[in-house]
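Asks: Sequence:
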Amino acid sequence: MTIDWAKVSRFTMPSESAGYLLWQVTHLWQRRVDAVLAELDITHLQFVVLVGIGWLTSKDDLLTQVQLAEFCKIDVMQISQVARRLEVKGLVTRSPHPTDTRAKMLMLTNSGQTILEQALPLIEHLDAEFFSCCNHAVLLAELKNLHLNCV
Numbered sequence: 001m002t003i004d005w006a007k008v009s010r011f012t013m014p015s016e017s018a019g020y021l022l023w024q025v026t027h028l029w030q031r032r033v034d035a036v037l038a039e040l041d042i043t044h045l046q047f048v049v050l051v052g053i054g055w056l057t058s059k060d061d062l063l064t065q066v067q068l069a070e071f072c073k074i075d076v077m078q079i080s081q082v083a084r085r086l087e088v089k090g091l092v093t094r095s096p097h098p099t100d101t102r103a104k105m106l107m108l109t110n111s112g113q114t115i116l117e118q119a120l121p122l123i124e125h126l127d128a129e130f131f132s133c134c135n136h137a138v139l140l141a142e143l144k145n146l147h148l149n150c151v
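Quick note on our numbering: the sequence shown kicks off at 1 and runs consecutively.
Calculated directly from the structure, the hints in this document are not laboratory data.
Remember, predicted model here, so these are calculated numbers, not experimental data.
There could be a bad hint or two in this list.
Claimed, not checked - Each pair of labels, with its calculated beta carbon distance range:
(1) E16 x M107: 25 to 35 Å
(2) D41 x D4: 45 to 55 Å
(3) H44 x D4: 35 to 45 Å
(4) L40 x V8: 37 to 47 Å
(5) A128 x T101: 52 to 62 Å
(6) L62 x C134: 17 to 27 Å
(7) V8 x T101: 48 to 58 Å
(8) T101 x P14: 47 to 57 Å
(9) S15 x S132: 19 to 29 Å
(10) W5 x K59: 47 to 57 Å
(11) V51 x A137: 45 to 55 Å
(12) F71 x S9: 29 to 39 Å
(13) W29 x Q118: 14 to 24 Å
What the hints assert, rightly or not - Here are the computed lysine to aspartate or glutamate pairs in the DMTMM-like style, where the Cα-Cα straight-line distance is at most 25 Å:
(14) K73 x D127
(15) K73 x E87
(16) K89 x E142
(17) K89 x E129
(18) K59 x D34
(19) K104 x D127
(20) K59 x E87
Note that CB positions come from ideal geometry on N, CA and C, so glycine has one too.
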């Protein structure tokens with residue numbers, strides 16, 4: 001059985017599909033990010049959570065898992081699971097909120113801050129190298145536009 005592509009797709013080649021190309025580029029980029037972060041014994045998702053905690057607690061000492069989930073655009077349950085793993089690794093503390101008994105507060109430990117300070121320059125260097133073939137301002141503007149229209 002052969003698929004009649006002209007009937008099922010408006011594209012003559014997969015490389016004409018923005019979604020397909022985005023998936024391929026994302027997959028290639030994530031593999032490189034994973035390789036860099038593996039040297040620090042953290043996953044990409046753990047890195048994103050550490051960045052979110054580091055950034056948000058630099059602005060305000062009180063950070064809940066819900067606030068972090070909203071900032072990172074990650075499900076609250078997934079944030080909770082990742083935060084628990086980071087706590088076991090000694091990179092994050094989770095403590096009761098002073099006024100909301102249901103909420104957990106998140107903070108980087110000294111070890112978490114050290115890992116983040118090591119990881120950020122590595123990932124920024126990887127990004128600069130990976131995206132070097134693109135006009136940075138144009139790429140960033142298009143990604144921001146896409147992000148705004150998806151959220």
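Asks: Against the structure, test the hints numbered earlier, and report the numbers of the ones violated in rising order.
Replies: 1, 5, 6, 11, 16, 17, 18 and 19
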